[in-house]
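Given only the sequences and the hints, what does the whole structure look like? Please build it.
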Amino acid sequence: MAHMIDDATIEYVGILAQLELDQMEKEAAKNDMGRMLDYIDKLNELDTDGVEPMSHVFPVHNVFREDVVENGDDRENILKNAPERKDGAFKVPKTVE
Amino acid sequence: MSKQYETVIGLEVHVELATKTKIFCACSTEFGGAPNTHTCPVCTGMPGSLPVLNKQVVEYALAVGLAVNCQINQYCKFDRKNYFYPDNPQNYQISQLYLPICHDGHVEIDTPAGNKKIGIHEIHMEEDAGKLIHDEWEDCSLVDYNRSGVPLIEIVSEPDMRSGEEVIAYLEKLRLIIQYLGASDCKLQEGSMRADVNLSVREAGSSELGTRTEMKNLNSFKAIARAIEGERKRQIELIEEGKPVVQETRRWDDNKESSYAMRSKEDARDYRYFPDPDLPPVVISDEWIGNIKSRQPELRTEKMARYQEEFKLSEYDADIITGSKHMADIFEAVTAICGKAKEAANWLMVEAMRLLKEHDMDPEEMTFSAENLAKLILLVDNGTINRTVGKEVFEKIFAENIDPEQYVEEKGLRVVNDEEELRRVIEGIVSANPQSVEDYHSGKEKAFGFLVGQTMRSMKGKADPGAVNRILKELLG
Amino acid sequence: MTAKEILSLTAVQLGKKIKDGEVTSVEAVKAVLDQIKAMEPLLNSFVTIEEEKALEQAEEVQKRIEAGELTGPLAGVPVAVKDNICIDGMKTTCSSKILWDFVPTYTATAVENLKRSGAVILGKTNMDEFAMGSTTETSAYGVTRNPWNPDHVPGGSSGGSCAAVAAAECFYALGSDTGGSIRQPASFCGVTGLKPTYGTISRYGLIAYGSSLDQIGPVAKDVTDCAAVLEVLASHDEKDSTSVERKDCDFTEALRDDVKGMRIGIPADYLGEGLDLEVREAVLKAARILEEKGAILETFDLGMVEYAIPAYYVIASAEASSNLSRFDGVKYGYRAKEYDGLHGMYKKSRSQGFGPEVKRRIMLGSFVLSSGYYDAYYLKALKTKALIKKAFDEAFSKYDVILGPASPATAPMLGESLNDPLKMYLGDIYTISVNLAGLPGLTVPCGKDSKGLPIGVQFIGDCFKEKNMIRAGFAFEQSRSYEMPQMAADAMAGKEEK
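Protein chains in written order, with the working numbering: chain R, 1230 to 1326; chain A, 116 to 592; chain Y, 5 to 502.
Hints listed in this document are in silico derivations from the structure and should not be mistaken for laboratory results.
Any given hint could be a false lead.
[Stated by the list, open to error] List time: in silico PhoX-like cross-link candidates among lysine-lysine, alpha-carbon distance up to 25 angstroms: (1) Y/Lys-341 <-> R/Lys-1255; (2) A/Lys-455 <-> A/Lys-418; (3) R/Lys-1255 <-> Y/Lys-101; (4) Y/Lys-394 <-> R/Lys-1271.
[To be verified] Just so you have them, the derived chain R footprint on chain Y, three or more residues with Cβ under 8 angstroms: (5) 304-314; (6) 331-340; (7) 344-356; (8) 378-385.
Glycine is no exception: its CB is placed at the ideal position from the N, C-alpha and C atoms.
Rendered as structure tokens:
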């Protein structure tokens, strides 16, 4: 099944991924995604009926921590790489609520 | 237009759990604190950081689930909910979609029509987001990640409620249960309990569901009630005008008593949930469940029974006092100090409740200490002050948590027990009110009360009413 | 000792000589820094070189060795670290513009382990941006060249680490492997690279690409070094929920030249069409050498081979699309200068900060997770992963080690691969399923093609059975001696003085 990825799909995926592509990049993206999805379609040849999707490769479970405070005030380190900061917080363009 | 409409309401309630640390890191969950002082690489989404699950979160989630009659998913896992927003440091929230920890429970509420079961669809664990502070001076927002990673459980109900009253009853029931479990303090005003209302309307008798909207920013029970009423009206209006109800999220503005749609072009609402590869699944054994059940702290019904048994309270009294975990805690603490259960119950049920009503407060908001109420009870009990004065002092305790012993001394409120003094004053009152004396002698009981009143006034209330009565009777013959 | 003598040592050999007092850590660091100065203008293996810090560390470590405080085999040995592994105070870029000035305030557990054992950190090596690529050409800081032929790529994504080891710019290096990113460049550069069983080395501090597939691993001149480094790196970390607690981390115990009776399987489906003839010959020759040493070699049908790549790309890009969402200009890294509002800032910062391959994978990943496609793509890929694991489980019930090529060809020329991403992806065919199944893999140099470019043979072990593959690799390696690329030897030649 040849995948025709259209402009609307690229727009939509751009919103999901918060990426903005210019016209050339959009064309390339449509082409690339289409080809990759065609290739990925190979998986449809496989009969996976009754197979459980495997998220974790080993049957590990119940990895827990105890409810004990170990961290203190690390603000200076946390803000060290902030592109913009103010009053001990990260500064961003106004969010509309 | 006289069509009858039925309102169908479901609730999504988020509860901040009372753990000491966050869900995936060992930062403190303490409220307050300067911005970003309870943070670490994990809860701020630093590159290379990884989550590790706080066991206490699972324990609380299980305890709540079991207390609301849920089935437990003994194999459950975490999924990532992907969306971009600055209060979400990784731009994904770790939550549970595919296999939440609890499902299919219910809670019973009292309605005028009798007992009603409100279904609980599921309960899942997730992490809270940080806080956005809107800067007043600059056109920007500031992000504080102290709250990011605080553990939440989200309780999703079935759309079983039909009125604002039922919603409030459901929330009060949930709150009581969760408080009794110690899993959260459930304070709506502080945000440790948040309710989003999903509401649709349909013609009475119809079995199809109408289009529902979601309402957010409901910060008190009253706001919830108003929002439900407002949205119901709005939807009915639309329907009657033949317009469609749009499925959307609306933000309630309690000051304006109206809501507006929170629309965002950037919000594709496609969260692309997938199992979080950084967190192994949680397997809950029968043993663990049994353990939690057995450790369940005394729930409300048990407490009520115990109060009747141990403290000999009436069912009615026990019911009122246990109606709030905080009040029950104060009751027990006061009783433990002064040993006067009936008195403690009385002060709480009569005076405290009166003041709560007067100030439109929740029992949760009482801030006075058990010690001070216990002291007051003993002061009245041993006759140091009389009950009238006691009520005054209680108001001060309620408002400012004053130490009653100190206060009584400072203000000179002790009952005047000096028999001589009292007799002198009463003699004075009697001689100053000959008409009343005559009225009393001619059978007017009211005159006696008047003379007692005058005496009390003159003594600034500090006389022991019993003694006044006795002496006055003696003098009048 | 001369600089050449020092630089020709393996890490373990150097560690011993330092302990024996024949050479100091500072001397070793100086030798390596000189080599770096000579090689870097051409190779560009490093993004960041911390000369001063390294010399300071070397002095401190030397003191502690002399005081008997540091007794491990790698104390004092200089190491280079791939630039997606966080080190406190050292710029970490993932070879991306979006992290151009990011300096972590925390250190990856694996590196903490190294530091505790007395390692001296030279700097951060170049890579494909966010580990997405097979040639190190997607780096925002220039390509790295293959020391065997500078017109060719070193492989990727750990190209900088492998080139640095090959060019003697360090004694060993850390790389990361999600779909072959240690093993393939190791084979292209004629060095040894090892990826352990998933969960063996903590991922805390490794900037995530494909979380269910990523592992840090050593790159060095030989199997002995890799085993020694692995022993230091492996630990159970409470900060990583996927970290496995293992009791069998004495990997150097497997350094025995003994493969008698070892059952080695060669997947017939690895030897078919698409495999370069010279590579095929070199790999089969390696197999015969092991057979002569007493191993039992057999070809078999592994199955599932053609499904590994599509499954991998779905899973890895899905996880990556989520893992890379945090790069948004809010908390760290690149923020665009001009933008319109919050979402404008996100879009511009990310679009300007990420390179085309990264954007490609984020888009693909977002798509396969999106509503309507999740079942068909993502879940399907997870089911395929389960079947791949099953295929390997079956194989390992019959064999102790699986042997095969690391890559279908030797290092391509620079510029050749980027026009056709799909073709580039197909080059991962031998390494990718190992990550999907969480298995350990090891590449050892086994020859050169007619162009003089190195060929590597890959050993794959069952989960938690690194020792089998280490033993096979070590035994094979005894038949060869380590070869250094000419340009590296030339750079050292002029330095006869200490």
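Check your understanding: What hint numbers does the structure not satisfy?
Key -> none
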